[in-house]
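Engineer: Protein chains in written order, with this note's numbering: chain R, 1 to 404; chain Z, 1001 to 1223.
Some hints here could point you the wrong way.
Chain R residues, not near chain Z, derived (Cβ > 10 Å throughout) [as the list claims (entries may be wrong)]:
no., residue
1, Val125
2, Gly283
3, Ile342
No more than 30 Å apart at the CA atoms, straight line, and that leaves these computed lysine-lysine pairs for DSS-like [to be verified]:
no., chain 1, residue 1, chain 2, residue 2
4, Z, Lys1079, R, Lys326
5, Z, Lys1217, Z, Lys1189
6, Z, Lys1079, R, Lys403
7, R, Lys272, R, Lys241
8, Z, Lys1119, R, Lys326
9, Z, Lys1217, R, Lys403
10, R, Lys232, R, Lys181
11, R, Lys239, R, Lys195
12, Z, Lys1210, R, Lys403
Calculated Cβ distances over 10 Å to all of chain R for the following chain Z residues [said to hold, decoys possible]:
no., residue
13, His1008
14, Val1013
15, Ile1017
16, Glu1032
17, Thr1075
18, Gln1077
19, His1093
Please keep in mind that the hints were generated in silico from the structure rather than gathered at the bench.
All C-beta atoms, glycine included, are put in the ideal place defined by N, C-alpha and C.
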Amino acid sequence: MTMPWRDYVLFAAQTLWSSRTRTSLIVLAMALGVASVIALTALGEGARLYVNNQFASLGTNLLIVIPGRSETTGINPSTMIGSTPRDLTLADAEALLRSTYVQRIAPVMIGSVPIAYQGRERESVVIGTTSEMMQIRHYTLTQGQFLQESDSSRGAASCVIGGKVRDELFGAEPALGAWVKVGDWRFRVIGILAKQGQSIGINTDELVMIPVASAQALFNSPTLFRIFVEAKSHELLPKAKDDIREILTARHQGEEDITVLAQDAVLSTFNKILGALTLAIGGIAAVSLFVAGILIMNVMLVAISQRTAEIGLLKAIGAPGRQILKLFMVEAFLLALFGCIIGVMVGLITTAVLRSSFPDFPAHAPGWAYVLAVLIALGTALLFSYIPARRAARLDAVTALSKR
Amino acid sequence: MIELRDLHRHFTVGDVIVHALDGISLTIQKGEYVSIMGPSGSGKSTLLNILGLLDQANSGEYRLNNRNVTTLDDTEQAKVRRDQLGFVFQFFHLIPRLTAAENIELPLMLAGVLPAERKTRVDEALQHVALSDRAHHRPDQLSGGQRQRVAIARAIIMRPAIILADEPTGNLDRHSATEVMEILESLNKSGIILIVVTHDPQLGERARRKIRLVDGKVVSDET
């Protein structure tokens, strides 16, 4: 007959219960370690998902055509400055519609221009584009309508403004239908953009949008800043990308002087960075688990010197060294297990509180964080309790019994 | 039953070698009641520890039931202690956080006996030492005599063939001491070998066989 596990657990639980203060302190240390791994990885993972969501709001089938050749796929200074051998034009943009993989396109011109209404003036980012922009970027309006298809080609004097621009220029006055001065030109407000918040770089709240033809006149230049292209589906993105390159290369006398940027490329870079960050902070938190493991070792060493006579007795009544080793390791394992249970609960509560306080921030700890935290906690407990437990198992019975 | 042949045990204290046992040869038969007496330092505790397999002789042979137990490994020796030997100590050695019943149950638990059987056997043992009403008291709620009776119950719970008692009354008043000795002697009457180590002549005289040790040697062995 061998002693069943149940009895080991009961004996250890009884021992732990008899020194409740010490037990709860160690459990607390273990729980804090486990909870911090969970909470911190939840923060990292939340940051990653937050960025993902931001990109998703840009449109997942989106390709961006940038003038200039860039070998890297990320954003670098040259993509910002755009060292352009040949300009992107409106005709280039329209040519892209020839590709069967392209759903819609929107040319983008951009500039910073003063915008004024009845003596109130502010500097604002003005974007020249077409009606398609609304679908590509998933814009919604609170009032009025977006730029119409007819507007863009003839350079109508209509504009759509962001909520903040509206508030600053009009205050409580109705903005729809009013005429504002954009640069030296006058535009009629036909729509107000709904607040979409920050979406990678551009805050829609502070935008003024005008038809692309009007923008060409306003900025006195035919050059496009970007062309936004929406592929028919996510799977067709690579094909659409090839088509775009082909069409524009052909139009630019055989020279490939544009860069086509997919969301994926940027997104995967962000994912990698933030994933690594999550791992790093999770790892730092895991160090606290090792510290808790060392605490367990310390507590077991103290326990063994306090319970030397008991160990001697256990030997006298027939417990072999192996069994004493097991008794002490089960005790340490239980400590860690309680720590894990409480730690996971604290972790779940913390992340739930985080999520309810910051709804935009999906602070969910990834599954591996739970598994890892618990495994490290239990593993270190076993590892660090082995040395003290073995010391107990090897105690000389006669010397141990002579201690009172 | 118990056969010791030319047992030697020495300790090194600083650079002096102390011969605790210096060629002990003994045979103890089933059902004997033996007291081992001698001045302190005579080796009587060492002899008891070796008989209890808590200590190893440096040379000589110890046979228990015709089996040479000197050469067994840790696990096998533990098993012999568990199944054949019961210990009663001067300082009781009860585990303070466990109740009387749990202390008595401990050897059964370590041996892997199932809880249902453990309970009936513990109840029996408690009855045997007349402590059924103290089953759920912890040691600090018991008198010295009661503690020693709990320890005796624990010693007999595995139905051993031999009880080794090291100054079993050393920490008790006269009345409790008599009570404890009567219980131990009643166990001996049921066939268990009882070996009592003591330096108290009055206690030693109670045994049928009296062994005196001086400087690790048997100087008298009277029946």
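Engineer: Of the numbered hints stated earlier in the document, which are not met by this structure?
Structural biologist: Those not satisfied are hints 10, 11, 17, 18 and 19.
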